[in-house]
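Asker: Go by the hints and put chain B onto chain A.
Chains as they are written, first to last, in the numbering used here: chain A, 1 to 155; chain B, 1 to 103.
Any given hint could turn out to be false.
Stated by the list, open to error - Selected chain A positions facing chain B (Cβ under 7 Å, derived; list incomplete):
| hint | residue |
| --- | --- |
| 1 | Phe40 |
| 2 | Glu107 |
| 3 | Ser109 |
Calculated from the structure, these hints are not laboratory results.
Note that CB positions come from ideal geometry on N, CA and C, so glycine has one too.
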Amino acid sequence: MQTRRDVFFHSAKVATMLASLGMLPSLAQAQSGAYNSAAFEAKTMADLVKALGGSAPVQSKDVSVTGPDIAENGAVVPVGAASTLPGVKRLLILVEKNPSVMAAMFEISDAIESSVSTRVKMGQSSNVYAVAMMADGKMLFAQKEVKVTLGGCGG
Amino acid sequence: MADPMRIRAQAAGGNATVRVLMGHEMETGQRKDSAGKVIPAWYIQNVTAQLNGNNVMTAQWGPAVSKNPFLQFVVKGAKAGDKVTVSWVDNKGDKRTDEATVS
Chain A
1 MQTRRDVFFH SAKVATMLAS LGMLPSLAQA QSGAYNSAAF EAKTMADLVK ALGGSAPVQS
61 KDVSVTGPDI AENGAVVPVG AASTLPGVKR LLILVEKNPS VMAAMFEISD AIESSVSTRV
121 KMGQSSNVYA VAMMADGKML FAQKEVKVTL GGCGG
Chain B
1 MADPMRIRAQ AAGGNATVRV LMGHEMETGQ RKDSAGKVIP AWYIQNVTAQ LNGNNVMTAQ
61 WGPAVSKNPF LQFVVKGAKA GDKVTVSWVD NKGDKRTDEA TVS
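Chain A extracted, bound-state conformation (with noise of 0.2 Å):
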């Protein structure tokens, strides 16, 4: 017969086992290089610090985000994300109204410029955010609002 205590232990020795193996989100994480699955399920910008292990944002002048005050079409809204510091390690484009928050994520090397933009689906007018997440783990970010006249989310 199984009992409670059996199930209980059975079930933490499997959590080991998959944590050792980077299975569980919260660890797999660790690995870099690896799609960061937690990072990108994270629905508020809090849960999104803590995946990504950087401190809490600041909001700073050093960064920008481009895009449209009107947005017609909320399938194809052109963003951008910039920042004038040295040693940026990631930027993030970040809607805060879509089912998850981060859109994506660029590692920056030395080689490029740490500036790039592409285009996000916007469910609904919203804040949208650019995060430059430096070597040292400290976040800056800067918003912007864009109305959204078509949400770019449902048929």
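Answerer: Just chain B now, kept in the frame of chain A:
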């Protein structure tokens, strides 16, 4: 196999601006089809850019990046004749690599 990417790399003032247009559905996994069934997510997860074979940038994308994604970045010190290679891998394991010459 996915459609080829359109890559344009233009040198200006010692740097090169690279613009990439990829062909991909970028399905979010949030939409439903006419029968009310959820369309499974299908999107590019990893993007890598190389200059003359050296990694210059990697990116991770979520489903919030638009269909047929556009990407622009600036490579320092690239000059005409250098080779820019961009590759992506999506969540189904499909991949595509394309190359362009800086002009």
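Asker: If a hint holds in the structure, say so; if it doesn't, say that too.
Answerer: Hints and how they fare:
1. Given hint, Phe40/A at the interface with chain B, holds; its Cβ is 4 Å from that chain's nearest Cβ, closer than 7 Å.
2. A hinted interface residue such as Glu107/A counts as satisfied when its beta carbon comes closer than 7 Å to some beta carbon of chain B; here the least separation is about 5 Å, so the hint holds.
3. With a least beta-carbon distance of about 5 Å to chain B, the hint placing Ser109/A at the interface is held under the 7 Å criterion.
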